[in-house]
Amino acid sequence: MEPVTPYPPTDDNARARTFLPAPPLPLFLLQPVLRRIVTRIASQNPDMFNRLGPHKSANFIIDVTSLPFVLHLRPDPEDLLFRAVARSRKPEADAEIRGGFLDLLGLVDGDADGDALFFSRDLTITGNTEAVVCLRNALDDVDGSIAQSVADMFGPPGRAMLSALRRASARKKS
Amino acid sequence: MRPPELVCPAGTPAAMRTAVEAGADAVYCGFQNATNARNFPGLNFTPGELERAIRHAHENGTKVLLAINTFPPAGKVDLWRDAVDLGARLGVDAYIVADIGVADYIARNHPDIRLHLSVQAAASSPEAIKWYCREFGVKRVVLPRILTVSEIKAIAREIPCEIETFIFGNHGLMVEGRCSLTNYITGQSTNYDGVCSPAADVEYRRDEEGNLSTRLGDFTIDCFSCNETAGYPTICKGRYLTPARNEGYYAFEEPISLNLSSLLPDLMAAGVNALKIEGRQRSRAYVKNVVSSFRKAVDAIMAGEEPPLADLIALTEGQKQTEGAFKSKTWR
Ligand code: SF4
Chain A
1 MEPVTPYPPT DDNARARTFL PAPPLPLFLL QPVLRRIVTR IASQNPDMFN
51 RLGPHKSANF IIDVTSLPFV LHLRPDPEDL LFRAVARSRK PEADAEIRGG
101 FLDLLGLVDG DADGDALFFS RDLTITGNTE AVVCLRNALD DVDGSIAQSV
151 ADMFGPPGRA MLSALRRASA RKKS
Chain B
1 MRPPELVCPA GTPAAMRTAV EAGADAVYCG FQNATNARNF PGLNFTPGEL
51 ERAIRHAHEN GTKVLLAINT FPPAGKVDLW RDAVDLGARL GVDAYIVADI
101 GVADYIARNH PDIRLHLSVQ AAASSPEAIK WYCREFGVKR VVLPRILTVS
151 EIKAIAREIP CEIETFIFGN HGLMVEGRCS LTNYITGQST NYDGVCSPAA
201 DVEYRRDEEG NLSTRLGDFT IDCFSCNETA GYPTICKGRY LTPARNEGYY
251 AFEEPISLNL SSLLPDLMAA GVNALKIEGR QRSRAYVKNV VSSFRKAVDA
301 IMAGEEPPLA DLIALTEGQK QTEGAFKSKT WR
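Protein chains in written order, with the numbering used here: chain A, 1 to 174; chain B, 1 to 332.
Keep in mind that the hints were calculated from the coordinates and are not lab data.
This one's a predicted model, so the numbers in the text were calculated from it and none came from an experiment.
We put the beta carbon where it would ideally sit given N, CA and C, even for glycine.
Do not take every clue at face value.
[Unchecked claim] As a list, the in silico SDA-like pairs of lysine to any residue whose alpha-carbon atoms are at most 25 Å apart: (1) Lys56/A x Ala199/B; (2) Lys172/A x Ala314/B; (3) Lys90/A x Val108/A; (4) Lys288/B x Ala168/A; (5) Lys320/B x Thr124/A; (6) Lys172/A x Ala199/B; (7) Lys63/B x Asp25/B; (8) Lys173/A x Ala199/B; (9) Lys63/B x Ala314/B; (10) Lys173/A x Lys63/B; (11) Lys173/A x Gly210/B; (12) Lys90/A x Lys296/B; (13) Lys288/B x Lys90/A; (14) Lys90/A x Lys63/B; (15) Lys173/A x Glu21/B; (16) Lys172/A x Gly158/A; (17) Lys173/A x Asp25/B.
[What the hints assert, rightly or not] Taking beta-carbon pairs under 7 Å as the criterion, some of the chain B residues facing chain A (in silico): (18) Thr12; (19) Arg284; (20) Ile313; (21) Leu315.
[What the hints assert, rightly or not] DEER-style ranges, computed between Cβ atoms: (22) Ser225/B x Lys173/A: 19 to 27 Å; (23) Ser225/B x Arg40/A: 38 to 46 Å; (24) Phe219/B x Arg36/A: 41 to 49 Å; (25) Lys329/B x Ala86/A: 53 to 61 Å; (26) Gly187/B x Gln44/A: 44 to 52 Å; (27) Glu158/B x Ile37/A: 45 to 53 Å; (28) Arg245/B x Ser43/A: 53 to 61 Å; (29) Phe219/B x Phe154/A: 43 to 51 Å; (30) Asp218/B x Pro91/A: 22 to 30 Å; (31) Lys173/A x Asp299/B: 22 to 30 Å; (32) Gly144/A x Ser225/B: 50 to 58 Å; (33) Thr39/A x Thr330/B: 51 to 59 Å; (34) Arg89/B x Arg36/A: 41 to 49 Å; (35) Arg245/B x Met161/A: 47 to 55 Å.
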């Protein structure tokens, strides 16, 4: 896997940066928030894990190209893991999903199509393709929007942030 | 003119609810096994999911068509028969089948449930279609994507069943139901196992410059430079080097999607009874956009208005679209 500069100069990333804390971000502050998010989503959607089949225990790296860190996800209901990891300490993973912030947000907001993002080269996957396909299908079978559920966890400020991001995403598409 | 049925894809229960909400008249789906031609990991329905999904679809006036559209290999027929019997118990409105043995089993054991002939059966002449109607009571044929609109019109006049045609989606047609390309490389068969280019055999490699190569098994089937759009990792869409060409060459088909938005009025006037959207492997976002766009277009035509042509290019493979053979036999 090639090294990725923290902030490639794309429009998507420029827009996303407007909403994101500037680095360096103390990752230890982020970890409990990520843990809360993944626990909540898992408890709201227990059936989604069935679609992962043998890939429940796979390790995924989600590389949001505008962030100075990567996200490490292991969607195993018995041993859930969702944490931020410095790029310099990226762990070995089964698969990596790489894309711009607004594009990846669109996927968990039920607003973007993964195949279309792949065709346009805005989304890159490497590693175990079958594990990624299972994860994609599991997330897509969640009714409503995962992004909305996360925003709701943070009350009015969370919802306001999501609305602003959706507007930015709509501007990008138009 | 009777309104055509809009037949929409559902790879998951959430996608089915999305299709129903977006205006599908019918949805098609399959079980999580080799009995259907989208046997992809993490996709499709368990019996319990299908039971709930059928209830929801029927409450909203939408029919559910069960795709049992692969070919049972010798000795494994029970899996297909069980899928058929389960579908009947769950209350599906029709089966979509390709294999004559499966069609015969349905005709004998579930004669009250409609039988649709899958595109995988590749029945393209009035004689072939009439034979299926006579032998198994087929009520609808899904035509292979190799016919022009005027040929479809001529067939419609001669056959005793309804016609369904694809209007949008993947355009990997080859000799439908008989493609063995993926079998050659992976040992898995599209027609027997229900999967073309199994994800477990697909690998993407991105180099330092951002070029993306797609591999299936031991073969590189394409390499996209950093600003080129990509396609599905299927062999029919591969770009190959040959001594006869200076650069990579799409030997079979290009990464491109079918989009018949502008031919809808002609298809409806030609006597097409059902319009099919491909894409059970696609997301809810795709289903919502494509189904609602075609719902509006069909409703506008029925109301005698100019159909709105939504811009669906972002959802097409390789961000390219074609009217394929429907417009002209010279599309390739
Ligand atoms: S290689 Fe292409 S034509 Fe053959 S089964 Fe796969 S998608 Fe269809």
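Violating hint indices (sorted, rising): The structure breaks hints 6, 8, 9, 10, 12, 13, 14, 17, 20, 26, 27, 32; every other hint is satisfied.
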